[in-house]
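*Asks:* Residues per chain, in single letters:
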Amino acid sequence: MSAARALAALSEPTRFRIVEVLRGGPRPVGDIARRLRLRQPQASKHLRVLSEAGVVERRAVAQQRLYGLREDAFRDLDSWLRTFERIWCERMEGLERTLEEERPRKRKAGRSK
Amino acid sequence: MKARVTKNRARRELLVEQVVRASRERVWDSWTRPERISRWWGPMGCTTTVYAMDVRPGGVWHYCIRPAPPATDEWWCRAVYEEVTRPSLLVYTDAFSDARGTVKPGTGMPTRVEFAERPSGRTKITIVTRFPTVKDLDAAEERGMVQGFIEMFERLASDLAGGARDG
Numbered sequence: 006m007s008a009a010r011a012l013a014a015l016s017e018p019t020r021f022r023i024v025e026v027l028r029g030g031p032r033p034v035g036d037i038a039r040r041l042r043l044r045q046p047q048a049s050k051h052l053r054v055l056s057e058a059g060v061v062e063r064r065a066v067a068q069q070r071l072y073g074l075r076e077d078a079f080r081d082l083d084s085w086l087r088t089f090e091r092i093w094c095e096r097m098e099g100l101e102r103t104l105e106e107e108r109p110r111k112r113k114a115g116r117s118k
Numbered sequence: 536m537k538a539r540v541t542k543n544r545a546r547r548e549l550l551v552e553q554v555v556r557a558s559r560e561r562v563w564d565s566w567t568r569p570e571r572i573s574r575w576w577g578p579m580g581c582t583t584t585v586y587a588m589d590v591r592p593g594g595v596w597h598y599c600i601r602p603a604p605p606a607t608d609e610w611w612c613r614a615v616y617e618e619v620t621r622p623s624l625l626v627y628t629d630a631f632s633d634a635r636g637t638v639k640p641g642t643g644m645p646t647r648v649e650f651a652e653r654p655s656g657r658t659k660i661t662i663v664t665r666f667p668t669v670k671d672l673d674a675a676e677e678r679g680m681v682q683g684f685i686e687m688f689e690r691l692a693s694d695l696a697g698g699a700r701d702g
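Line order of the protein sequences matches chains D and Z.
Each residue of the first sequence is one higher than the one before, counting from 6 in our numbering.
Each residue of the second sequence is one higher than the one before, counting from 536 in our numbering.
Accuracy of the hints is not assured; some may be wrong.
To be verified - Listed below are the simulated SDA-like cross-link pairs for lysine to any residue, each with C-alpha atoms no more than 25 Å apart in a straight line:
#: 1; chain 1: Z; residue 1: Lys537; chain 2: D; residue 2: Gly99
#: 2; chain 1: Z; residue 1: Lys542; chain 2: D; residue 2: Glu76
#: 3; chain 1: Z; residue 1: Lys537; chain 2: D; residue 2: Arg102
#: 4; chain 1: Z; residue 1: Lys537; chain 2: D; residue 2: Glu95
#: 5; chain 1: Z; residue 1: Lys659; chain 2: Z; residue 2: Thr541
#: 6; chain 1: Z; residue 1: Lys659; chain 2: D; residue 2: Glu106
If you are wondering where the hints come from, they were derived from the structure by calculation, not from laboratory data.
Please put together the full structure from these sequences, using the hints given.
*Replies:* Shown next as structure tokens:
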């Protein structure tokens with residue numbers, strides 16, 4: 006499942022809220038609708054988009070159909086975010102190093118580069 | 536001090552916080568002068584060359600990131616400044632582009648950088664950067680593009696890790 010599709014599905018505010026609700030664990034559609042004050046068909050529609058994007062999946066537990074988050078989708082998103090995290094961390098290290106090197110009137114301890 | 540990074544994957548946001556031992560003015564200059572930013576913008580092992588940097592609302596920052604030889608990749612980016620309040624706030628949208636500065640659709644990343652004074656001449660830098668929205672990702676071609684960036688960055692990350700011992 007592509008991170009791009011998951012991102013696209015999540016950028017709709019109601020779907021984002023559904024995902025927040027599902028962080029607490031899988032729930033039936035009626036419960037999700039109630040918590041977010043949605044009509045059930047609306048909730049179902051959003052859940053369908055989320056499941057097509059691979060963000061949620063439907064599981065049968067006992068007699069119930071529960072919707073839960075799919076770990077895979079978040080792994081992809083994580084790897085997308087991790088690349089940026091890594092770049093920013095390096096960037097900040099570089100900035101700090103540069104600022105230290107340029108530090109005004111601080112003894113320049115002939116540090117070799 | 537290591538940067539603190541908070542990820543909000545559902546909001547597609549990355550929050551980066553860092554305190555540095557330098558005045559706000561110096562940090563601001565590091566971010567807004569071509570000869571200064573190219574020293575650290577990186578990523579590590581890469582060279583950043585700034586071709587344009589017009590730090591005012593609507594102004595353009597056009598730059599290219601090149602990994603160390605023998606790699607011949609070039610990652611061109613073009614940012615447009617939206618808010619410029621020296622020395623405390625910089626808001627711009629950074630996007631992938633080509634050498635002529637034509638932006639690749641769907642790649643804009645709104646970025647907000649705040650510089651706050653801290654005691655004993657330190658500065659706290661707070662960066663919030665957001666990834667493409669559903670509107671940007673409307674066309675399948677653009678979604679493919681984002682996928683391409685994931686791969687590009689992963690390749691970049693593994694290029695950088697090459698030589699380091701993380702498997």
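*Asks:* Kindly indicate which numbered hints from before are broken by the structure, ordering the numbers from low to high.
*Replies:* As far as the earlier hints go, not one is violated by this structure.
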